[in-house]
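Residue numbers (the working numbering), protein chains in the order written: chain A, 1 to 518; chain B, 1 to 314; chain C, 1 to 287.
What the hints contain is simulated information worked out from the structure, not anything from laboratory work. In this text, all values refer to a predicted model and were calculated from it rather than measured experimentally. Heads up, some of the hints might be wrong.
[Said to hold, decoys possible] Computed beta-carbon distance windows for the label pairs:
{"no.": "1", "chain 1": "B", "residue 1": "L162", "chain 2": "A", "residue 2": "E268", "range": "19 to 27 Å"}
{"no.": "2", "chain 1": "A", "residue 1": "S83", "chain 2": "B", "residue 2": "Q49", "range": "36 to 44 Å"}
{"no.": "3", "chain 1": "B", "residue 1": "V292", "chain 2": "C", "residue 2": "P61", "range": "26 to 34 Å"}
{"no.": "4", "chain 1": "B", "residue 1": "A127", "chain 2": "C", "residue 2": "T47", "range": "51 to 59 Å"}
{"no.": "5", "chain 1": "C", "residue 1": "V109", "chain 2": "B", "residue 2": "T126", "range": "46 to 54 Å"}
{"no.": "6", "chain 1": "B", "residue 1": "A99", "chain 2": "C", "residue 2": "N233", "range": "53 to 61 Å"}
From the three backbone atoms N, C-alpha and C, an ideal C-beta is built for every residue, glycine too.
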Amino acid sequence: MLRQASKWLALTVLMVGLALGGVATAQAEPQYGGSLRVAITGDPPTLDPHTSTAVIVLEVTSHIAEYLYARDADGIVQPMLASALPDVSSDGLTYTIPLRSGVTFHDGQVLDADDVVASLDRWRRIGTGKNYLGDASIAAADPQTVVITLTEPVGVLTSVLGWSEGAAVIYPASLVESAGDEPIDAPVGTGPYKLKEWRRGQEVVLERFDGYASRAEEPSGDAGAKHAYLDEIRFIVVSDAATRQAGLESGEYDVNYRAAASDLEHIESSDRMYGWMMRPGYNYIGLINHASPLMQNLELRRALQAALDVHPLVLGAFGAEGVFALNASIVPPEYGAMYNDAAGTQYYDVADQDLAKSLLAEAGYDGTPIRWLTSRDYDYQYRGTLIAVDQVSQVGIDSEIIVRDWATTVSLRSDPTAWDIFIGNFTIAPEPEMIAYLNPNYLNHYEGSEEYRALMEQLSSTSDLAERQAVWAQAQEEFYEDVGALQMANAFLLNAYGSDVHVEARYFLFQAWNTWKD
Amino acid sequence: MIAYVARRLGSMLATMLVVGIVVFFVIHSVPGDVTSALLGQDATPAQIQALRQRLQLDQPLPAQFVAWLGGVLTGDLGNSNYMRIPVIEAISQRLEPTAMLALAATLVAVTLGVGLGALAAVRHNTAADYVVMFIAMLGLSLPTFWLGLLMIMLFAVNLNWLPAAGYASVTQAPLDTLRYLVMPAASLGFSQAAVIARMTRASMLDALREDFVRTARSKGLPERRVVVRHALRNAMMPVLTVIGLSIATLAGGVVVTETVFNIPGAGRLVIESVQRRDYPVLQGAVIVVALVYAFINLLVDLSYLALDPRVRYS
Amino acid sequence: MSAVALPARTGSSRRGLKTFRRPPVAFGGAVLLLVLTMALMAPYITTSGPNDLDILGRLAPPTAAHPMGTDDLGRDVWSRVAFGARLSLTVGFATALLSAALGTLVALVAGFYRWLDEIVMRVLDGLMALPGVLLAIAIMAAVGPKVSNIVLALTLVYLPRCARVARSAVLVVREHVYVEAASALGAADRAIMWRHILPGTLTPVIVQATYVFATAVLLEASLSFLGAGAPPNVPSWGVMLAEGRLLMRQAPWMTIFPGAVLSLTVLAVNMIGDGLRDAMDPRLRRG
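Next up, chain A with everything else stripped away, as it sits in the complex:
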């Protein structure tokens, strides 16, 4: 126990150190110029967030293209290309969005309402916008105003328009027209950097956009002023973590985007580099396939929930303390308002084998093995699965581990008859409606109890914050009671920087504006 406590203490010191490190470097005087070489994990499949939710797509393109709104460091939505928050009608159906004037695209065109209408329409047609905009009408009221008229209230619309995953980026109308539904490989945006060259499989090179119209507010998170101190940003594809780290240490790269957790200690002990933990990262959970007959047994799901001992599982999966946080709340604390670590969390991290055994007896479990689908391509999935299987075997649950390479795993996951549980990282969002596994039509086929469905429906048509919090608290309680998923931890993303790189403001994703080099 004592050993455990001292470990946590050391960890806290480390985290504070990380935070202070960030602050301390921010005090030096910014300098212009230079090239930032960022070693990234893989070649982005496209540079068009409308057509891909992959994080790498977003982190590269966020420098090029912008959205109407953006989140600040406290998770609060602020205007970006819009000049103010939308004016919402009292029935919650009409959003009037005023645009900033004097914003130009990289090709010299001036941003107006037609560009926004064309982009949002495309985002709805081929991207994640479909889930929110549905049959809404999107129209330009005048060159500086866009009006969205919904057919039913969507409480999170503003939040979604300022969200980075599968982002509703704004392109010039002409580009939208010429690209159609094809992915855009040469995006034109309003961002502080423009695309210079994309050598497929090797690097994406961005250069400063001199015509960038910055906001005046202080930089905060994804919002506020964006200073393009660097002349150039090179995203260099280096798929191997050890090579990225070695390159950072030899000075070949300035940033190791996604350092290995096992290198954290080493990074912190060196004065030539420092680490930055991007929180909250992902939700590391056990996704339950509710379409599988076996998993429809509530007592069995409860037995699984009760059997899991979360800390050793996540520690073993990620290989080091300090790169994850045990978190019972489905919306992480970093995302602000909807965070709730009380509702239903008596079911979290129970690790009670006797309870699990009695639940198992109630379930009438007949020894049918649970099929855990996993892939070695992401070792945290595989290791977490091995440990979970080991833990549940101790209460008498049998398992079969199905290991495939990632592409096969993805395709098996979409077959509801092929698996029971999948442990892995899932994207988290500030609003429950935006978290895929809480909603129907996702891989886990989760409908939930009647109360749960009613609560989620109520939530999606509510925009009042206090009311939303109250409704979500009940829904989270229901989700836990019903074991909608095996909630475990937030898995952070570790970025390592050379010590000559300074960052003024950070977001929970990688960004290189407001960043300079000595």
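Guided by the hints, dock chains B and C onto chain A, whose structure is given.
Just chains B and C now, kept in the frame of chain A:
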């Protein structure tokens, strides 16, 4: 001679057809497709369906095969589904590191192999011979990737002499290229060197027993000259075959070595394409590799002609 | 007629026994025996199971309790090495046996019926033009990670190589007088094949099979290293090396021990192979 080459090319074509069929159908029977890599994990089923249609992945397999084969026969390997560039371009972009690695490994293998093999033959049944043969045995038995890992541990992690992994283009920083290639080339070349050393030793021993060597010796020529001019030269024929074969079999080793040292070459491209289910690239890469293999084999056969005029092609 | 082949066979087997007295072969035999014992006795010579997890005891350096240390999930490396021998030996042996047997069969049929020969040779050439690792990766991805599938994939890789060796032996034997004589005497094709040609091909095929054993063990490790081999819960040296690769700085024992045992095993088989070759085919003996 010309007829021989023509016949060889003909049978090469037949071989390539077999390769094409095997590769196409094996690869397409692998579950999963490129959509997961392209769309990210939160894609909706409708998005996936639309993409499959656009890439014509929903067509029946035989139709896809005919379309692909038709393209290949006209020199068009198609486009990468993931990168949306021609397959040829995708492969040629990644060819430099692989070619440099193969070249360096072959250099290591031939120098070490012929040198040690000749030494062992000349010092037949002495300690030197036994040591060389034992080293060759090790070369055949040590997994190249383990050897690579040990080298990284020693020279990169502990001594910090060489970069642990990666690659620098020869057009930008030729000296760095060398630094990056030392360990991969040594670990990959070692096992090939073993094969070459064994063959060199064996055929040198044969040659040293031949009449013309004895004649040369009896004429009082210096031993060095006898060994190099007469014995080694005559022993080279089977050795050349082995060298040719070893270049051809490098392809498999390159895949593993590029993984160990994270060299962004064609071998990695193949592995990445398997992971992404980028069928056109995968098929194209295998066709290219098989072509190189067949071509080198042909070259080896033809080089007999140059080395030994007694060989006739009937 | 079979009397012609018989003395040669007994002669070679007698030489085969003597072979084991030569130091390299004796060494190889001893090591292989040791590895075999390790595989068979694995449960009795280890103190914890190869898949027993101990998260809090992870990455422990070698101690008395864990002579080869523990890995990133706290599993005992020694136990995994010992149990891993089972996979390597099974795959090596099964692949050698299958590809030699099937390869010989293909060669017999193709070598005897000349019209088939050309087609078979083109198919074999095609298979051989594909790098073994790539072919095996593709097959494994298609059929899924099972031990039997590894054997299947590796057999497809090595069958053509065995068939080639067997074929050239068939061609030599076929020209021998006694086969022609048997044929002239009206013996059935099948009888000629089994009784006269097969024995003549055995020697080179057995030598080849030994090398297939060694390289199949290596290839299984490479496949598992690349993530396309052994199923979960089946300890594999290749998988262990892949896991150790990511932790070379923190836990070198995860890389050193499995690799050393793997290399020793392959070395042993290769030494035996060389000995067999020298003993069975004096023409190939060098020195």
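Consistency of the hints with the structure:
no.	hint	result
1	L162(B) - E268(A): 19 to 27 Å	holds, 26 Å
2	S83(A) - Q49(B): 36 to 44 Å	holds, 39 Å
3	V292(B) - P61(C): 26 to 34 Å	violated, 45 Å
4	A127(B) - T47(C): 51 to 59 Å	violated, 43 Å
5	V109(C) - T126(B): 46 to 54 Å	holds, 47 Å
6	A99(B) - N233(C): 53 to 61 Å	violated, 41 Å
The structure does not agree with the numbered hints 3, 4 and 6 stated previously, though it agrees with the rest.
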